[in-house]
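Chemist: First to last, the sequence lines map onto chains A and B.
Using full-length UniProt numbering, you'd call the opening residue of the first sequence number 1 and step up by one each time.
Using full-length UniProt numbering, you'd call the opening residue of the second sequence number 1 and step up by one each time.
Simulated from the structure, these hints should not be mistaken for laboratory data.
Worth double-checking, as some hints may not be accurate.
The list cannot tell twin chains apart, which means a pair is met if one copy fits it or any two copies do.
Taking lysine to aspartate or glutamate pairs in the EDC-like style, the calculated list, with each CA pair at most 20 angstroms apart, reads [to be verified]:
1. K342 x E262
2. K256 x E67
3. K2 x D27
4. K225 x E67
There are 2 protein chains.
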Amino acid sequence: MKKHNFYAGPSIMSQYTIDHTIDAIRDFAGTGLSVLEISHRSKEFQAVMDEAQALFKELLDIPEGYEVLFLGGGASLQFCMVPYNLLKTKAGYVDSGTWAHKAIKEAKLFGDVEIVASSEDDKYVYYPKLDNVPTDLDYLHITTNNTIYGTELREDPDVPVRMVADMSSDIFSRPVDVSKYDLIYGGAQKNLAPAGVTFVIVKTDVLGQAPRAIPTMLNYETHVKKGSMFNTPPVLPIYSALQTLKWYKELGGVKKLQEIDEEKARVLYDAIDESKMFVGTVKPESRSIMNVCFVMKPEYAGLEKDFLDFAATKGIVGIKGHRSVGGFRASLYNALPLDSVKVLTQAMKEFENKH
Amino acid sequence: MKKHNFYAGPSIMSQYTIDHTIDAIRDFAGTGLSVLEISHRSKEFQAVMDEAQALFKELLDIPEGYEVLFLGGGASLQFCMVPYNLLKTKAGYVDSGTWAHKAIKEAKLFGDVEIVASSEDDKYVYYPKLDNVPTDLDYLHITTNNTIYGTELREDPDVPVRMVADMSSDIFSRPVDVSKYDLIYGGAQKNLAPAGVTFVIVKTDVLGQAPRAIPTMLNYETHVKKGSMFNTPPVLPIYSALQTLKWYKELGGVKKLQEIDEEKARVLYDAIDESKMFVGTVKPESRSIMNVCFVMKPEYAGLEKDFLDFAATKGIVGIKGHRSVGGFRASLYNALPLDSVKVLTQAMKEFENKH
Numbered sequence: 001m002k003k004h005n006f007y008a009g010p011s012i013m014s015q016y017t018i019d020h021t022i023d024a025i026r027d028f029a030g031t032g033l034s035v036l037e038i039s040h041r042s043k044e045f046q047a048v049m050d051e052a053q054a055l056f057k058e059l060l061d062i063p064e065g066y067e068v069l070f071l072g073g074g075a076s077l078q079f080c081m082v083p084y085n086l087l088k089t090k091a092g093y094v095d096s097g098t099w100a101h102k103a104i105k106e107a108k109l110f111g112d113v114e115i116v117a118s119s120e121d122d123k124y125v126y127y128p129k130l131d132n133v134p135t136d137l138d139y140l141h142i143t144t145n146n147t148i149y150g151t152e153l154r155e156d157p158d159v160p161v162r163m164v165a166d167m168s169s170d171i172f173s174r175p176v177d178v179s180k181y182d183l184i185y186g187g188a189q190k191n192l193a194p195a196g197v198t199f200v201i202v203k204t205d206v207l208g209q210a211p212r213a214i215p216t217m218l219n220y221e222t223h224v225k226k227g228s229m230f231n232t233p234p235v236l237p238i239y240s241a242l243q244t245l246k247w248y249k250e251l252g253g254v255k256k257l258q259e260i261d262e263e264k265a266r267v268l269y270d271a272i273d274e275s276k277m278f279v280g281t282v283k284p285e286s287r288s289i290m291n292v293c294f295v296m297k298p299e300y301a302g303l304e305k306d307f308l309d310f311a312a313t314k315g316i317v318g319i320k321g322h323r324s325v326g327g328f329r330a331s332l333y334n335a336l337p338l339d340s341v342k343v344l345t346q347a348m349k350e351f352e353n354k355h
Numbered sequence: 001m002k003k004h005n006f007y008a009g010p011s012i013m014s015q016y017t018i019d020h021t022i023d024a025i026r027d028f029a030g031t032g033l034s035v036l037e038i039s040h041r042s043k044e045f046q047a048v049m050d051e052a053q054a055l056f057k058e059l060l061d062i063p064e065g066y067e068v069l070f071l072g073g074g075a076s077l078q079f080c081m082v083p084y085n086l087l088k089t090k091a092g093y094v095d096s097g098t099w100a101h102k103a104i105k106e107a108k109l110f111g112d113v114e115i116v117a118s119s120e121d122d123k124y125v126y127y128p129k130l131d132n133v134p135t136d137l138d139y140l141h142i143t144t145n146n147t148i149y150g151t152e153l154r155e156d157p158d159v160p161v162r163m164v165a166d167m168s169s170d171i172f173s174r175p176v177d178v179s180k181y182d183l184i185y186g187g188a189q190k191n192l193a194p195a196g197v198t199f200v201i202v203k204t205d206v207l208g209q210a211p212r213a214i215p216t217m218l219n220y221e222t223h224v225k226k227g228s229m230f231n232t233p234p235v236l237p238i239y240s241a242l243q244t245l246k247w248y249k250e251l252g253g254v255k256k257l258q259e260i261d262e263e264k265a266r267v268l269y270d271a272i273d274e275s276k277m278f279v280g281t282v283k284p285e286s287r288s289i290m291n292v293c294f295v296m297k298p299e300y301a302g303l304e305k306d307f308l309d310f311a312a313t314k315g316i317v318g319i320k321g322h323r324s325v326g327g328f329r330a331s332l333y334n335a336l337p338l339d340s341v342k343v344l345t346q347a348m349k350e351f352e353n354k355h
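Starting from the given sequences, assemble the full structure and let the hints guide the process.
Modeler: The following block contains the structure:
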């Protein structure tokens with residue numbers, strides 16, 4: 001049976017990415033070798049790295065003065081690399097939930113941290129307002145999409161300082177005004193590649209000013225100087241990332257992806273709003289286009305497991321909600337087809353009609 | 001034409017690993033999903049992680065009290081993680097060349113570093129003798145195999161302190177007495193997996209004693225406590241690593257791999273020693289079983305490029321020497337068949353006979 005993959009990450013990859021990855025595992029770029037065993041110093045892999053960086057810049061319309069890196073270690077490693085490199089005296093952080101907490105914890109090891117805005121007062125069901133951002137911050141850190149609570153900031157806010165953003169789970173779902181940021185980072189395992197590679201978009205002239213010695217691998221300058229090839233990079237995940245970027249370009253670029261993503265989210269949120277059984281957990285103005293969180297209304301409590309089992313009979317996987325929220329979470333990343341969303345909304349209706 | 005892959009790393013993977021990886025990209029563990037898009041929190045991937053850790057311990061006969069981790073970031077990240085976690089006052093480092101230098105540079109950020117032994121005096125063509133190791137070291141760091149100079153320490157030396165070892169390029173090529181070490185680490189892209197995962201074998205009771213705050217992702221305790229699943233691990237490289245471990249077990253384990261590896265190295269070193277044209281660069285007692293470095297004798301100087309071209313006509317790739325040494329380097333990792341070595345020695349003889 002065809003599966004509909006709603007996992008929050010690692011998450012659905014396009015058939016394009018999967019097929020081209022398999023081809024390159026069999027024979028990479030006509031070398032007669034597998035991409036699993038190719039030297040990262042080979043000219044064929046250098047071409048992959050170059051093209052992936054160029055296409056990344058092209059698709060996001062990244063201005064001059066920024067570099068794109070593909071690093072190992074995950075976005076969680078960025079939580080400490082960001083302050084290691086950029087925190088001089090004080091940084092501001094927006095507390096939008098779990099991932100922000102993790103970033104804040106690491107920043108506190110390196111300097112003062114001011115929580116500029118938080119939605120903790122209402123269990124993170126909305127994205128905090130950025131009305132009163134101080135001007136004396138080295139940077140303001142935002143997490144644009146919260147996969148756990150299903151909230152998203154779908155814009156690049158105007159604040160009086162430059163920003164650093166964790167865009168792990170919504171990169172390539174809308175155009176981004178990169179010029180407003182000093183650095184954007186994210187784990188690739190949602191909208192870009194299989195797990196194992198982290199993208200970093202960094203404004204190079206903000207580097208080299210940290211008031212501390214930085215271990216070589218944690219210093220962005222190391223990777224900028226070596227074109228993201230200081231050490232052996234995660235070759236296969238980067239190869240797969242390039243395939244995804246090519247597929248995005250074929251589809252029509254980021255604006256087209258935004259249209260598709262917003263249509264998918266609209267179909268699912270409409271189904272939730274029209275339902276007698278299900279209800280969304282997030283305030284409408286903060287609803288994530290990528291991760292849709294919903295629960296059963298109190299009068300249907302106890303049927304959650306039955307619905308998960310019923311959905312599984314339709315091939316639907318990965319919709320169990322995070323334990324912090326409960327209920328259900330459907331992640332609608334770029335590679336998820338609208339058809340899968342329709343299978344889910346149909347399953348919701350069928351289940352509702354039965355009970 | 002069949003290719004003979006002598007790259008120094010990333011390097012040849014077994015057909016077993018390649019085929020099983022492709023199978024799992026098509027359908028992972030009967031889930032109907034690709035291993036490229038499976039949640040690391042799925043029970044199917046948890047089983048992969050559990051089996052990979054257990055088999056790693058079994059094959060290397062790792063005693064109680066140690067844990068095996070699969071992390072991102074590469075061995076280069078370990079160069080700073082080791083002193084971050086283990087250096088209290090002073091560490092000893094063995095200077096066996098390039099990789100040792102990189103490790104030493106990071107350790108100096110965290111405390112005193114004593115170079116206990118070095119072969120710099122003779123351009124690293126031998127492995128330094130470990131006769132006078134001080135007793136007041138937090139640990140002695142060794143790089144058991146130097147991929148660039150082709151030297152190797154094929155034993156676990158008796159020294160008066162515990163050791164930390166970078167075994168990136170010779171893990172699984174001989175039995176190791178893990179009890180002599182506090183920590184063993186390595187990039188997986190030689191004898192284990194495609195690039196993107198780093199293995200760490202750590203004695204857990206040495207952790208938690210560092211005189212400094214450690215960022216969460218750089219703290220081994222974080223990963224030990226979470227069974228190497230604190231954050232999203234590099235899923236596909238870990239899956240491939242498990243396939244290699246299974247293949248090693250089928251082949252007969254580490255002692256069998258040692259026999260095979262030593263036989264391959266013997267065939268190539270014999271051909272070099274019998275040659276009028278080629279000569280090894282490393283002192284015989286320090287010759288690496290994994291990376292065989294050789295050059296042309298002065299009277300044949302200038303024919304290097306011709307030999308590379310001639311070898312290429314036989315399907316031989318990856319034998320150009322590192323720029324620090326010049327000449328040639330043939331890496332004979334576990335997945336390289338003896339037949340490939342014979343193709344190389346035959347090519348050497350044919351070329352010699354022509355000139």
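Chemist: Which hint numbers doesn't this structure obey?
Modeler: 2
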